[in-house]
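S.K.: Generate the whole structure from the sequences, applying the supplied hints.
Keeping their order, the protein sequence lines are chains A and B.
In this text, residue positions in the first sequence follow this note's numbering: the first is 1, and each later residue adds one.
In this text, residue positions in the second sequence follow this note's numbering: the first is 1, and each later residue adds one.
These are computed hints drawn from the structure, not numbers from a lab.
Don't be surprised by glycine CBs; every beta carbon is placed ideally from N, CA and C.
Among the hints, a few may not be true.
Said to hold, decoys possible - Listed below are the simulated BS3-like cross-link pairs for lysine-lysine, each with C-alpha atoms no more than 30 angstroms apart in a straight line:
(1) K22/B with K58/B
(2) K69/B with K49/B
(3) K57/A with K83/A
(4) K69/B with K58/B
(5) K22/B with K42/A
(6) K58/B with K42/A
(7) K69/B with K22/B
(8) K83/A with K69/B
(9) K78/A with K69/B
(10) K57/A with K69/B
(11) K69/B with K42/A
(12) K77/B with K78/A
(13) K49/B with K42/A
(14) K78/A with K42/A
Claimed, not checked - Residues from chain A that face chain B, not an exhaustive set, calculated with beta carbons under 10 angstroms:
(15) P2
(16) E3
(17) Q6
(18) Q41
(19) S48
(20) F65
(21) F91
(22) D102
(23) F106
(24) V114
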Amino acid sequence: EPEVTQTPSHQVTQMGQEVILRCVPISNHLYFYWYRQILGQKVEFLVSFYNNEISEKSEIFDDQFSVERPDGSNFTLKIRSTKLEDSAMYFCASSETGAGTDTQYFGPGTRLTVL
Amino acid sequence: AQSVAQPEDQVNVAEGNPLTVKCTYSVSGNPYLFWYVQYPNRGLQFLLKYITGDNLVKGSYGFEAEFNKSQTSFHLKKPSALVSDSALYFCAVRPDYGQNFVFGPGTRLSVLP
Numbered sequence: 001e002p003e004v005t006q007t008p009s010h011q012v013t014q015m016g017q018e019v020i021l022r023c024v025p026i027s028n029h030l031y032f033y034w035y036r037q038i039l040g041q042k043v044e045f046l047v048s049f050y051n052n053e054i055s056e057k058s059e060i061f062d063d064q065f066s067v068e069r070p071d072g073s074n075f076t077l078k079i080r081s082t083k084l085e086d087s088a089m090y091f092c093a094s095s096e097t098g099a100g101t102d103t104q105y106f107g108p109g110t111r112l113t114v115l
Numbered sequence: 001a002q003s004v005a006q007p008e009d010q011v012n013v014a015e016g017n018p019l020t021v022k023c024t025y026s027v028s029g030n031p032y033l034f035w036y037v038q039y040p041n042r043g044l045q046f047l048l049k050y051i052t053g054d055n056l057v058k059g060s061y062g063f064e065a066e067f068n069k070s071q072t073s074f075h076l077k078k079p080s081a082l083v084s085d086s087a088l089y090f091c092a093v094r095p096d097y098g099q100n101f102v103f104g105p106g107t108r109l110s111v112l113p
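M.R.: Next up, the structure:
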């Protein structure tokens, strides 16, 4: 069964550094998403992406964040100048369509630790 | 504001007994309702969803959920719990006009042998 994959599984960085989190969505899916989960808190939506453009983003997704599909398979989340409060589990998801009825399939997550 | 509540942080049930994990929501319009499960060191796995039609939805691993529009609830159920069902369960709601999910805080289910 096809699945979403994410690398690395754990990333440790110093405050102020830039990190790039990588995701490979399911191959025939057209919509991609990033969510984050701060330890002990709920999963929060960051951004959705379709046709090489951001289609929706939350208040969390400010200028510090950017997303990109650099090639035909990868989908990346870049966090510039990381802050302590960026420490969280980051989940990538993909779906075949952007319809509200469509299921989003999640990757295993990248745990980001900012020191 | 849109919100999803899972009133129990933790649910304990004996193996073989029925289980219920509760979810209520406050979302405008006619939202779509989902349940996901998270095992340790794994991502969120899709269990089931309600879109329209029959209020009782059947999903993976013997789970089902009952949609109640008047109570704005979507409780997850299973007739006979297994120890392997022990995990973190998330209710998620998707407004019919948007793409992103609103997640509940999660309920940790422990099935005791």
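S.K.: Kindly indicate which numbered hints from before are broken by the structure, ordering the numbers from low to high.
M.R.: Those not satisfied are hints 8, 9, 12, 15, 20, 24.
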